[in-house]
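S.K.: Protein sequences appear in the order of chains W, U, P and S.
Start counting the first sequence at 1; every next residue gets the next number (this note's numbering).
Start counting the second sequence at 1; every next residue gets the next number (this note's numbering).
Start counting the third sequence at 1; every next residue gets the next number (this note's numbering).
Start counting the fourth sequence at 1; every next residue gets the next number (this note's numbering).
Just so you know, these hints were derived from the structure itself, not from any lab.
Just so you know, not all the hints are guaranteed correct.
Which copy is meant is left open, because identical chains are indistinguishable; a pair holds if it fits in one copy or across any two.
[Said to hold, decoys possible] Pairs of lysine to any residue, SDA-like flavour, derived with a Cα cap of 20 angstroms:
#1 Lys145 x Ser11
#2 Lys53 x Asn2
#3 Lys97 x Arg135
#4 Lys53 x Ile112
#5 Lys77 x Pro67
#6 Lys77 x Gln32
#7 Lys13 x Thr65
#8 Lys75 x Asn113
#9 Lys75 x Glu33
#10 Lys53 x Glu85
#11 Lys53 x Gly34
#12 Lys77 x Lys145
#13 Lys143 x Glu133
#14 Lys163 x Ile112
#15 Lys143 x Asp132
#16 Lys145 x Asp129
#17 Lys75 x Leu137
#18 Lys139 x Arg52
#19 Lys143 x His82
#20 Lys163 x Asn7
#21 Lys163 x Arg144
#22 Lys97 x Arg52
#23 Lys97 x Arg50
#24 Lys75 x Glu64
#25 Lys143 x Gly99
Given the structure is predicted, the values throughout are model-derived calculations rather than measurements.
If you want the building blocks of each chain, they are given just below.
Protein chains: 4
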Amino acid sequence: MNMELANRLPSLKLVVFDFDGVFTDNAVYVNQEGVESVRCHRSDGLGLSRIRKCGIETIIISTETNPVVLARAEKLKMEALHGIEEKGSALSAEVEKRGLSWDQVAFVGNDINDIPCLERVGLPVVVADAYDEVRPLAKLILKRKGGEGAVREFCDLIWNARKGKKETNNE
Amino acid sequence: MNMELANRLPSLKLVVFDFDGVFTDNAVYVNQEGVESVRCHRSDGLGLSRIRKCGIETIIISTETNPVVLARAEKLKMEALHGIEEKGSALSAEVEKRGLSWDQVAFVGNDINDIPCLERVGLPVVVADAYDEVRPLAKLILKRKGGEGAVREFCDLIWNARKGKKETNNE
Amino acid sequence: MNMELANRLPSLKLVVFDFDGVFTDNAVYVNQEGVESVRCHRSDGLGLSRIRKCGIETIIISTETNPVVLARAEKLKMEALHGIEEKGSALSAEVEKRGLSWDQVAFVGNDINDIPCLERVGLPVVVADAYDEVRPLAKLILKRKGGEGAVREFCDLIWNARKGKKETNNE
Amino acid sequence: MNMELANRLPSLKLVVFDFDGVFTDNAVYVNQEGVESVRCHRSDGLGLSRIRKCGIETIIISTETNPVVLARAEKLKMEALHGIEEKGSALSAEVEKRGLSWDQVAFVGNDINDIPCLERVGLPVVVADAYDEVRPLAKLILKRKGGEGAVREFCDLIWNARKGKKETNNE
Chain W
1 MNMELANRLP SLKLVVFDFD GVFTDNAVYV NQEGVESVRC HRSDGLGLSR
51 IRKCGIETII ISTETNPVVL ARAEKLKMEA LHGIEEKGSA LSAEVEKRGL
101 SWDQVAFVGN DINDIPCLER VGLPVVVADA YDEVRPLAKL ILKRKGGEGA
151 VREFCDLIWN ARKGKKETNN E
Chain U
1 MNMELANRLP SLKLVVFDFD GVFTDNAVYV NQEGVESVRC HRSDGLGLSR
51 IRKCGIETII ISTETNPVVL ARAEKLKMEA LHGIEEKGSA LSAEVEKRGL
101 SWDQVAFVGN DINDIPCLER VGLPVVVADA YDEVRPLAKL ILKRKGGEGA
151 VREFCDLIWN ARKGKKETNN E
Chain P
1 MNMELANRLP SLKLVVFDFD GVFTDNAVYV NQEGVESVRC HRSDGLGLSR
51 IRKCGIETII ISTETNPVVL ARAEKLKMEA LHGIEEKGSA LSAEVEKRGL
101 SWDQVAFVGN DINDIPCLER VGLPVVVADA YDEVRPLAKL ILKRKGGEGA
151 VREFCDLIWN ARKGKKETNN E
Chain S
1 MNMELANRLP SLKLVVFDFD GVFTDNAVYV NQEGVESVRC HRSDGLGLSR
51 IRKCGIETII ISTETNPVVL ARAEKLKMEA LHGIEEKGSA LSAEVEKRGL
101 SWDQVAFVGN DINDIPCLER VGLPVVVADA YDEVRPLAKL ILKRKGGEGA
151 VREFCDLIWN ARKGKKETNN E
């Protein structure tokens with residue numbers, strides 16, 4: 001892990017996630033009545049609950065209009081904004097509301113509509129299979145693909161960085 | 001990109017897609033009551049909306065009788081003809097109705113029932129995992145498989161070609 | 001293609017298929033109410049309809065009790081026996097009922113409960129990802145996996161073999 | 001197979017499984033109404049029924065609260081405890097209830113919440129794609145991934161080991 005990442009991870013206060021392509025493999029299952037489903041990864045829940053115990057807040061911001069985003073967020077006990085056309089402004093509002101500086105915020109995305117968010121935050125992150133246009137914006141490219149435990153991987157990095165921090169504090 | 005492709009992309013007025021194997025991975029999910037679902041890719045929507053903003057029309061023509069085709073098309077705000085036995089004639093009717101020449105039309109397919117369409121259009125395209133029988137008919141073989149962002153990939157090619165065109169026009 | 005296979009394909013009158021692991025990838029999707037779904041391949045339908053036009057009969061014989069087998073069979077316009085504990089006896093009854101010899105019958109399977117059928121028929125076939133125990137029984141191992149177009153692949157082999165036969169007859 | 005494994009397999013009386021990531025690929029499918037589905041492998045059923053015929057008991061212990069665990073367990077005719085926060089204590093209670101020693105128990109898991117169980121049992125087992133943190137605890141790492149026949153693979157190992165035992169006994 002490079003030094004910048006090692007420095008940023010322990011001071012995070014808010015982690016914001018895109019939904020499709022991050023919590024999912026960017027697929028949508030559609031049935032003949034138009035009902036949508038998505039494929040998520042069970043392992044994400046354990047990672048999210050661990051970082052929340054450290055006092056880190058987690059939100060989903062998605063352009064997708066279908067309520068499937070809310071269904072998954074509810075299971076994960078996360079706040080979610082969906083149907084958001086301008087993700088950048090929505091993110092700014094959330095950061096301001098909490099009185100945070102951009103250095104305390106990470107965003108995890110995968111596609112071009114995440115660019116305004118990736119450009120704003122102190123720690124921009126993309127999944128392993130993110131689109132080429134957004135990869136250069138990331139300070140961290142995860143090893144796992146969206147929907148294959150990418151969320152868990154990032155939570156584990158934060159968890160381990162904070163553990164190290166605490167151990168150092170205790171010395 | 002070869003010269004012919006570079007020339008054809010900017011002049012497209014109509015892009016016609018097969019459904020199964022192009023918007024999907026050619027799988028169908030069947031439940032015990034016979035209800036069908038398909039697995040599509042979220043990224044396709046963004047690509048389609050960008051080329052429509054350039055004034056390009058997009059249609060789906062499918063032999064599949066199940067209304068799942070219409071359910072996905074509705075979400076993507078696309079016109080769709082389904083249950084079409086003779087895809088070639090249906091395509092001809094659509095082209096004629098719009099007063100277009102074949103040079104202004106692309107078709108994206110994957111299987112042998114797409115042959116009549118691939119033979120007619122100026123720009124025949126197939127997905128990465130198209131059947132061997134249809135590959136020789138294509139002037140463009142996409143890098144992505146059906147249901148894995150193949151539609152988005154083709155839309156991005158058109159978008160980038162037109163951007164180049166505009167920039168040239170503005171000079 | 002070896003000589004024996006080339007000889008057997010054109011004389012087939014009945015093709016019998018296992019369901020799970022042949023028409024599907026051997027997965028079952030279960031929802032929280034216990035409703036089951038399976039993942040099939042759209043391409044199979046086209047292959048099956050072509051060989052039926054040649055007068056070849058097609059049946060599914062499955063041990064699975066869930067009616068999802070029947071739901072898929074109905075879409076494919078195939079006869080299906082499901083919940084069959086003794087596949088071998090069920091197959092024998094079907095062959096006898098039609099007055100066929102075993103040389104005119106192929107069976108496509110993937111797992112150990114297919115052994116009695118694979119041992120009986122003139123042309124035993126398994127999918128690419130069949131279990132090790134059954135592979136030695138097969139005279140033909142398909143290139144495609146179950147649920148990934150294996151049924152279509154076998155139908156295409158029969159279709160091409162019969163086309164050759166007709167062309168020879170016409171000379 | 002190493003000697004310890006060869007010795008332990010024939011004396012097993014109870015096999016306990018985690019659910020998500022063992023019976024499934026650790027994915028969860030969520031629809032827009034919040035209904036959850038999981039993807040299991042048909043082949044597991046045949047393996048489980050064979051070892052039960054040998055008098056081995058099989059249970060699922062899962063932290064997951066969704067009843068989809070029970071839906072799959074019912075189909076497989078297995079007892080299942082779900083929504084279990086402390087898997088270790090739950091496992092101890094089951095072993096005590098049956099009057100077994102830890103040498104007669106195997107546990108199959110994939111993630112860190114399985115650690116208390118993997119540490120207790122005589123034969124700790126993990127699937128091919130288990131998390132790094134739990135792999136060192138396993139005496140057996142299966143070749144197959146969760147949801148891809150890992151349960152079947154372990155059942156087949158037990159079945160084959162007991163067959164050998166019986167043959168030896170008969171001599």
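S.K.: How would you label the pair lysine 163, arginine 144 (within, between, both, or neither) given a Cα cut-off of 20 angstroms?
M.R.: neither (22 angstroms within a copy, 33 angstroms between copies)
S.K.: Can you tell me if lysine 75 and glutamate 64 fall within 20 angstroms by alpha carbon in one copy, between copies, both or neither?
M.R.: both (18 angstroms within a copy, 11 angstroms between copies)
S.K.: If the cutoff is 20 angstroms on CA atoms, where do lysine 145 and aspartate 129 land: within, between, both or neither? Let me know, please.
M.R.: both (5 angstroms within a copy, 15 angstroms between copies)
S.K.: If the cutoff is 20 angstroms on CA atoms, where do lysine 75 and glutamate 33 land: within, between, both or neither? Let me know, please.
M.R.: Between copies, since 11 angstroms is at most 20 angstroms while 24 angstroms is not.
S.K.: When no copy is named, should lysine 143 and glutamate 133 be tagged within, between, both, or neither for a Cα gap of at most 20 angstroms?
M.R.: Classified as both; 18 angstroms inside a copy, 16 angstroms across copies.
S.K.: How would you label the pair lysine 143, histidine 82 (within, between, both, or neither) given a Cα cut-off of 20 angstroms?
M.R.: neither (26 angstroms within a copy, 31 angstroms between copies)
S.K.: At most 20 angstroms between alpha carbons: which applies to lysine 53 and glycine 34, within, between, both or neither?
M.R.: This pair counts as neither: shortest intra-copy Cα distance 38 angstroms, inter-copy 25 angstroms.
S.K.: Tell me, please, which holds for lysine 77 and glutamine 32 at an alpha-carbon limit of 20 angstroms: within, between, both or neither?
M.R.: This pair counts as between: shortest inter-copy Cα distance 16 angstroms, intra-copy 30 angstroms.
S.K.: Measure nothing new, just compare the shortest in-copy and cross-copy C-alpha distances for lysine 53 and isoleucine 112 to 20 angstroms and report within, between, both or neither.
M.R.: between (32 angstroms within a copy, 17 angstroms between copies)
S.K.: Please sort lysine 163 with isoleucine 112 into within, between, both or neither, judging by C-alpha distance up to 20 angstroms.
M.R.: between (33 angstroms within a copy, 16 angstroms between copies)
S.K.: Please sort lysine 139 with arginine 52 into within, between, both or neither, judging by C-alpha distance up to 20 angstroms.
M.R.: neither (22 angstroms within a copy, 33 angstroms between copies)
S.K.: Between lysine 75 and leucine 137, at a C-alpha cutoff of 20 angstroms, which is it: within one copy, between copies, both, or neither?
M.R.: Answer is neither; intra-copy 30 angstroms and inter-copy 30 angstroms both fail.
In summary, the numbered hints that this structure violates are 1, 2, 3, 7, 11, 12, 17, 18, 19, 21, 23 and 25.
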